[in-house]
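Asker: Build the full structure now, drawing on both the sequences and the hints.
According to mature numbering (1 follows the signal peptide of the UniProt record, and there is no 0), the stretch in the sequence shown is residues -20 to -1, 1 to 262, in order.
Honestly, the hints are just simulated from the structure, not real lab data.
Take these hints with a grain of salt, some might be off.
List of simulated lysine-lysine pairs, DSSO-like, C-alpha gap at most 27 Å [stated by the list, open to error]:
| no. | residue 1 | residue 2 |
| --- | --- | --- |
| 1 | K247 | K129 |
| 2 | K173 | K247 |
| 3 | K173 | K47 |
Computed from a prediction, not measured in an experiment: that's the story for all the values here.
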Amino acid sequence: MLHPKIYLILCLFLPVRGMAQVVTSDTLQVTAPVDSVAADSINRLKKEEAAKAAPVAASDPTGFHYKLTADGTVTAGNVNRALIQVGGSFDWAVSQLFRFASNPSFAYGRQNQQLNEREILADFRTSFLHERRFYYLGFGAVEISNLRKIRQRLTGGAGGGYKFLSRKNAYLSVTNVLLYEYTDFITNSAEVKDVNVLRNSTRVFGEYQWDDGRYSVTHTVFLQPALNQPNLRWNGNVSFQLRLTSLISVRTSVQNSYESLVAVGRKNNDFRWTTGLVLEVK
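Answerer: Below is the structure:
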């Protein structure tokens, strides 16, 4: 038979030891999930910070993207006038090395049963190393203009570009190319001959967005002096766009074109202000 003192010590010791084992086991079971959640949170925060820090080029999405625009006006009565303008923007990044793009446009206008405008522009551009800050590009274009009495204008060139800004909500680039141009005017006048020149073409392009892309402003300016004769061309446009849905937007644009050498009876400067709808897929 155990001594009463020994029996008392055993009674006190055994429950305490059992309680210590239970607490230790619970602590281990709770601690493991807490550490796992904390690690996942830290990893998630690191990924979010890395995504925020990484710049996203506004002009460098991958895959195929397009934008279609249409606007115009029709009036009837004392003045019968119709103006329709359609444009498109197509962009295809086939790899990290090559990218293809095109911005065709068509404008048709009549006033008092007389054809005033029938403007057609078809171009094709390719860029090399387009994901880098400094890249290379080449392009060709065909233009027909009843407004400027141009039967056919052929242009082609190659050069380089530099991205000053390449972020998600702001993009600004400057390109400079050596350009060849041949223009065939619709005229029998000896005063104006067909144009066959080399030009230095500088383009400044910018696109800016805010409020998660709901508002955007785009601008393009071309400066194209001839290298072998006195002949200057420049044109520019500025557009403001308001997104209504994920596909539809309202846009207003201002365009201006200047040519120092034009066909007889044509003015050197043309200005146009239009408002219409945009169908866009990004």
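Asker: Mind checking the alpha carbons of K173 and K247 for me, to see if they're no more than 27 Å apart?
Answerer: holds (16 Å)
Asker: Do the alpha carbons of K173 and K47 lie within 27 Å of each other, as the hint requires?
Answerer: violated (37 Å)
Asker: Decide if the proposed pair is consistent with the structure: K247 and K129, CA atoms, cutoff 27 Å inclusive.
Answerer: holds (11 Å)
Violated hints amount to a single one, hint 3; each of the other numbered hints is respected by the structure.
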